[in-house]
Amino acid sequence: MTTELDRFSHLDSVIHGWDPRTRIAGLFVFALAITRLSGTLLAVALAASMVVFALSRLPASYLVERVRWPGIFFAALAVLMPFIYGDRPLVVVGPLVLREEGLQLLLTTACRFLSIVVLGVTAFGTSRVTDSVRALRSLGVPAILADLMLFTYRFIHETGRELRGTRTAVKLRGFSLRKTGPRALRVISALIGSLLVRGWERSEEVMLAMRLRAYSPGGSRRAEGKPNLADFAGLVLCVIAAAAAVLAELRQGGG
Amino acid sequence: MSCGKPMLEVTGLRFAYSGCADVLRGIDLRMEAGERVGVVGPNGSGKTTLFLNLCGALEPEEGEVLLHGRPVRGVLSERGAGMVMQNPDNQLFCATVEDDVRFGPENLGLSGQQVKSRVEEALRITGMSAIADRPPHHLSGGEKRMVSIAGVLAMKPDILMLDEPASSLDSRSRRRLISYLQDADQVMMIASHDLELILETCSRAILLDDGRVVADDAVRALFADGSLMREHGLETPHSIRSRQDLGTPDTNQIER
Amino acid sequence: MSCGKPMLEVTGLRFAYSGCADVLRGIDLRMEAGERVGVVGPNGSGKTTLFLNLCGALEPEEGEVLLHGRPVRGVLSERGAGMVMQNPDNQLFCATVEDDVRFGPENLGLSGQQVKSRVEEALRITGMSAIADRPPHHLSGGEKRMVSIAGVLAMKPDILMLDEPASSLDSRSRRRLISYLQDADQVMMIASHDLELILETCSRAILLDDGRVVADDAVRALFADGSLMREHGLETPHSIRSRQDLGTPDTNQIER
Amino acid sequence: MHIPDGILPASACVGGYAATGVATWLSLRRISRRGDAELGIPRASVMAAVFFVASWIHIPVFPVSTHLVLNGLMGVVLGAYAFPAILVGLFFQAVMFQHGGLTTLGVNAVIMGIPALMAGCAFRILTDRWPGTRMTTVWGFFCGASSIAVSVLMLTAVLVVFFGGDIDPSTEEDVVDVLFLSHVPLMLIEGVITASMVRFLRKVHPEMLDGGR
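Residue numbers (my numbering), protein chains in the order written: chain A, 633 to 887; chain B, 74 to 329; chain C, 74 to 329; chain D, 26 to 238.
FYI, nobody ran anything at the bench for these hints, they're computed from the structure. Don't take every hint at face value.
Unchecked claim - Restricting the straight-line Cα-Cα distance to at most 16 angstroms, the calculated cross-link-like pairs of lysine to aspartate or glutamate (EDC-like) are:
| id | chain 1 | residue 1 | chain 2 | residue 2 |
| --- | --- | --- | --- | --- |
| 1 | A | K811 | B | E179 |
| 2 | A | K803 | B | E132 |
| 3 | D | K228 | B | D172 |
| 4 | A | K803 | B | D206 |
| 5 | C | K229 | C | D206 |
| 6 | C | K189 | C | D206 |
| 7 | C | K229 | C | E273 |
| 8 | B | K229 | B | E179 |
| 9 | D | K228 | B | D206 |
Build out the structure end to end from the sequences listed, making use of the hints.
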């Protein structure tokens, strides 16, 4: 399982150069607007998201990798939704009724999902996690939460390594984690339990190490440069596009 | 080549973690019953990966690992190769020492009685019977190490492979470990940066670098070859070196 | 007693973790500017606890720790004692090397420019400038160690305390660490089981056992005292021992 | 069980964020009142990482496999920190694996986090009144299973509120039943794992169960 969020943060592109604060805020507002769109407007928004992604020069394979997981969820939805949602039947196959609204909703949902994921991947894949979290902090995320995010990110890797080590050890003593049954559950509990205890003990040392380096929560932090005019222009562009799209959608809905 | 079948025979072993360059680039080695072999080499030379291949936790890409003439497949079999991992914390995950030692034999599908006697024996051999009821998370480094050895011994492996057994032990626990290793009646391979430990416990040593066996010789002869050792990022242990400095003829030590 | 004030002066230091027996049972020691002192002793002798008391992370129950004549209180102050802990994994908590080194100076509330120059200097001194952008989980053991040292150096401590700096390093990284320590222009205390490392980097050594200073002497003289060492669970390093075995005159050792 | 991006309308997303904001604010206020924020943050981050990684362990439940949520256990171990820790965990799941979503982060945090806080409180109250090893294990099962149950109920409620109007009532009932029943195995598994974990921690590291205090 790859957890490398920083993998493509070093690339050089317009999006990479966009200040993380304005970038995350702008793309987020746009993504939020997309949850309100449908029809042609949604198609345009999807295209716009794709353009932003292309501008970021992130490889397409990165996106495909990201979409694989929730793809399963959508497959399930695709099977279910068209048959239960709405009341205008489109095709009737035996006891099953394929409904128009269901199909439409599925399409709409899938498009919204895709464009939001594309925007999210672009927003967070184009700077290092540290910079993204700092940006979130200046966007109003509480300092304690921001610290929590940074340290958690770091220890995900450490704990992941411990889990791999323990898995190997379990395997070396003849147990397969693919087994089912009460004993498997017991082993898994013991395994997670020992990760927890190790985590707890690790946290005592981490606390000490932080105090040794004068940590206080949300204490003085790096004074960051201000976003420049172009950064703000990007943000304003996003907000205007989002507002315009939503207004257009509302007018369409009204008319 | 030698009398009869060797206990362990490895030919042309290659291995790579998926998507990475080869870690093992063609390893050949043989080991007779009763031998005790040290494996040395810089970090990243492939020691741990070699062990994981020998005990069947990793599948070789090319080449073969034969134990008693039979290929090693998977790790479930009894009388195979057992491995004690470098970090005992990875290995000790049950609520008590006894449960932990019991874990392996239980997976072998033995009867309750057999499991019990195995656990008792393993704890006795390693001297850990007294702490059988304690949770392993609160033991000292030396105790953790001995319990993790007991956990593997309880599976009665033909070969016991120890990966960095002395790491983070203090001098007292290290000394206790060494005397256990010296007395144990068990075929072993020991990978360690602690060359003095290898020197005291093994008769033969293998120098691994960059996934290849660079040298395979009597332990003293190998460690005394200063230029070879330096070339592969190792230092001749002081116990050998000082004698050399003083002009004492090496390998076969003079008596005091 | 000596010329002027000592840099560090510890008198009658006692400490116990809440609800436990005393770990430190009355420690007295002095350290002059420019000294480099090794601290040795078996596991559980109180080395780490002593360090934590000296840098103010723990509050002594009795006794005093004076740095430049001022009592040490808390750890927030600059120019205090900095400590590099044993396990670098628990010490590198930021997502990149540079962020990690920056962590301390930022908490001290320095200006952006000052922080920047501190970080650059610390990375340069430890030779880690090239990997400033890497995440800590991709580093080798030796690199992690050097980065954790850089993180403390960036706070410009008067004394740098290193707890088991060589643990789990291979021979190459250990050698690099030793040559860094030898060249560094920094007052240090080094606690280690690796007596050869202490021998190569320190001029004076303190032997701690059961929370007391058992011996405080020139490093060679202390390590050569075989019976004292053995009594406290330590072994005279081979580099000294072999010379003794062969009759090389050494401090005050009886010949066999 | 996390709602991906694109499913919920904007109003739900904004509402979720608002509720999450309030819950986070309340949690953080409670934390800073206790005065151990300095020590709590590294602890909560390390534990959040452990819970995050534990969700990588797949448990085979014929014919599919599920992954653990463990929000009940988080409540028991982390107390007030459980909510921010879950929020952070969900954020990383969303940006690393697109599991859950960014616009739905607020809603998902409420669905997972509120039951965790409830489980923490319940565990503290129940073990205070009926202590003892056996009872503690029972309470562990109860908190583990019920926090999943509450999460599923909240999830169902959200879906029904935003989609219910357009589904005919009998189908809606079926869907709700299926949604709930399909989570029963997970409830039992989480209950069993939380119970044996609580027993394990009680034996090995009892102070880890004081999170709700």
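Exercise. What hint numbers does the structure not satisfy?
Worked result: Of the numbered hints, 4, 5 and 7 do not hold.
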